[in-house]
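Here the structure of chain V is known, so what remains is to put chain G in place on it, guided by the hints.
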Amino acid sequence: MDTERRQFFRNATATAVTTVVGAGVSLGLWPTGSDQNDGSDAAHAGSVDSSDGTIPLRPPGALAEDEFLARCIRCLRCVESCPNQAIVPLEVGSGNRGGGGSGGGQSVRDATPVIQARRQACMLCAGIEGDTLKCGQACPSGALQVIRKDRDSIKSNVMMGTAVIDEALCYSYNNWSCGACYRACPFGGEAMTLGLWERPTVHPEACIGCGLCERACIRYPQAIRVRTGGGGG
Amino acid sequence: MTRHQALHHGVQWMRHGLRLAVIVLMVGIAYLSLYGHYRSARAMDDLTDMTGVQGTALRAVDSLLGDVENPQPILDGFKGTVWSMRVFGFDVTDPLAGAEPIAASRAIHLPLVWSVSVPILMTVILGRVFCSWVCPAGLLFELCDKLRRLLRFAEIQPGEVKFSYRNKYVFLVVGLVIAFVLGVPFFSRIYPPAVTGRLIHALVFPPAPIAGSIVILLVIVFFEVAVSPRWWCRTMCPGGALYGVLGWKRVVRVRLEASRCTGCRDCEPVCPLGLYPVRDSAGIECDNCGRCLPSCPDDALLYSVGLPGRKARHHVKKTTENARHGSSSIAAILLFLVGLGAVLVPVRPAYAHHILGLPHYSYKDNYPQVPTLEYPATSGPYEILMTCYPGIPIPGEAANIAFYIKDKVADQPYDGPPVSVRVLQTATFGQNQEIVPATEISAFDNLYKLSAVFDTDGEYIVELSVQVEGRTEVIPFRMIAGDPSATPSILAAIGGGMIVFLVAVRAVKIKRERHRLHSVAHGDAHLEPSV
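So the sequences go chain by chain: V and G. Take the first sequence: its position 99, counting from 1, is numbered 95 in the working numbering, and each next residue is one higher. In short: position in the second sequence from 1, add 1024, done, that's the working numbering.
Think of the hints as simulated: they come from the structure by calculation, not from any bench. Since the model is a prediction, treat every value here as computed from it, not as a measurement. Beta carbons are placed, not taken as given, at the ideal position from N, Cα and C, and that holds for glycine. Please note that a few of the clues may not be correct.
[Said to hold, decoys possible] Beta-carbon label-pair distances, calculated as ranges:
(1) 1530(G) x 223(V): 54 to 62 Å
(2) 200(V) x 1402(G): 50 to 58 Å
(3) 1435(G) x 186(V): 19 to 27 Å
(4) 1461(G) x 147(V): 53 to 61 Å
(5) 223(V) x 1459(G): 34 to 42 Å
(6) 1435(G) x 146(V): 31 to 39 Å
(7) 1137(G) x 197(V): 39 to 47 Å
(8) 171(V) x 1502(G): 32 to 40 Å
(9) 184(V) x 1048(G): 27 to 35 Å
(10) 1137(G) x 60(V): 40 to 48 Å
Excised from the complex, chain V in its bound form (with noise of 0.2 Å):
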């Protein structure tokens, strides 16, 4: 009886402090060596502390990034519902899968879906039939908002991110006419406009970041990305 009751004690701890440890390794608490940044490590895409690139862009209707985080349970069905193939599974550590990077404080993202607008932007359901999103109406722990799949609905309850223009490379600003993003984006116009020599304006305001200018720049690297800011939406 006493025997039994200590090995359930020792047993339990045990369980206990692996899981602890195992937990705390595989969520990020502790550094898993990739993440000191000194020169010789410098090429690993996740090394790089930028602190406004660690939220990968995430699909329309998703919480702010802690809420969505503590939400999302990784069963990949926004990722099969895209119509588009725009979200995928983050793969913590590729450096290809939407920004995120490896090691510290990233491994919480693995598996979670994510948007690389320079691969597939979010295209906003367009032409697929259904009066929702279909990232939103596939997730099943509210993680993804429902969205209507209407101008006023997206326009007020989707927020990515915000495309931001660097005019070192913008082929407009640097002596040569384009205009690509300004027709990939949706709200024309409004999120965006077209000033002397097709110069490319960004309105972050009307802005949702869904990444298809991101997507159409015909400069690589491109210069025009869109920044996360964690606000969710």
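Chain G alone, transformed into the frame defined by chain V:
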């Protein structure tokens, strides 16, 4: 074989069939989704000349759905895996998947609660049947048992370490507490059914990552084969723990008819969970798999239906004939099927038409894509971005490398003296080999471009020398060309390592035994005599 045994052998085949059906359903849903992507992209012509499994599966889906006038509701009605699934437009979610976001976000999302209610109800009635009748990872772990038998056949004795069954309840509570404290789900990432689902998804959607899922499953498989039989299901699985608690007072259970039991213990080695059915079949651990039923030579074990609290034994007394056992068991199976049917009730969501703007489609693999791979670095005030076209260079073909250096503080591109770049091939042994000597590059439209040819698959270092605040900084970018390390080689390495480990363990054991026999033969008093 008695009729009872024959019937319950049949039940076992049903169980295996259902499990396989669940996997087929998951694969089918994944292909249905992929098919949906092709439909959305108006790329149906591509299906005709697509080769391999992918092509066959997608064409099979097309032959099913091609004639349906509007398949969109069907495509929307099937999503996900056993972790969280939509079947016929109806959401079903694993109770653990329901509990975790509640713990992590401290908020309740009602649709999630509805979607876990059916599995919970099913568990309350049928017990922990998810584990034995549905769980795809459970099937994998049952295969581990077969592997252990194979090992024994090969005279390699796999480990038989015993862990406490109560560990899983501790694990469940600790995991939920972790989720609560950190605000991030924990089990979602390691729970084998969820991982298996993601693996199936990744295998159907090729660019998706599979390494993480495979590692988690292989660790468990390794542990089950080498260390402790059915370690995960018996002692670790948090989902099993939750199902166990929910199904503790289950209506359908395996019951012992004490008057028939001769105490032969034939049922004991059969139980996949390592229980002694005569004693434990009414307890919290039993998952109603029914493996013990046909093993009983005296038909003393049977499925029974009874409300909780009702003394099962009295119920038994009335049904002593074989036929009655049969009917009771059939009732249990029927109840199970009804439960399953309840999950599969077709609910058709309402849909309306709405078209918005012009879509921008182009998702084919061979569509000229700009690579998304970027190699960022920082140095002083500068943010340096290296890009390469193609993203992962093809050996033997020219690849265009470009550097963009930007002063983050001044928000201006770098306009110092020309930068210098050289390319090295890394060598596992010895010196790195220089394949492009240091080359000075001037800016063209604010980019520093270099064309290089990577001769072989392998790892390379692109070294950028740039003037930062008056001194020369050398920044190495590690990149790969071609496909130096494929997944099969990793799997082979893990498998090989496992075999080596087992053989080593065996060798040590044999040597120890020999040593002990040797000592005994020499009459060492302080050693225990051998049997």
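Here's how the hints hold up against the structure:
Checked against the hint of 54 to 62 Å, the C-beta distance between residue 1530(G) and residue 223(V) comes to roughly 58 Å, which is consistent with it. The hinted window of 50 to 58 Å between residue 200(V) and residue 1402(G) is violated, with their beta carbons roughly 25 Å apart. Separated by about 26 Å at the C-beta atoms, residue 1435(G) and residue 186(V) satisfy the suggested range of 19 to 27 Å. A hinted range of 53 to 61 Å holds for the C-beta pair residue 1461(G) and residue 147(V), which are about 57 Å apart.
Roughly 36 Å separates the CB atoms of residue 223(V) and residue 1459(G), a value that falls within the hinted 34 to 42 Å. About 37 Å separates the C-beta atoms of residue 1435(G) and residue 146(V), a value consistent with the hinted range of 31 to 39 Å. A beta carbon spacing of about 46 Å between residue 1137(G) and residue 197(V) agrees with the range 39 to 47 Å that was offered as a hint. Against the hinted window of 32 to 40 Å, the Cβ-Cβ separation of residue 171(V) and residue 1502(G) comes to about 35 Å, which satisfies the hint.
The hint said 27 to 35 Å for the Cβ distance between residue 184(V) and residue 1048(G), and at roughly 46 Å that hint is violated. In this structure, residue 1137(G) and residue 60(V) break the distance hint of 40 to 48 Å, their C-beta atoms being roughly 22 Å apart.
Checked against the numbered hints listed earlier, the structure breaks hints 2, 9, 10; every other hint is satisfied.
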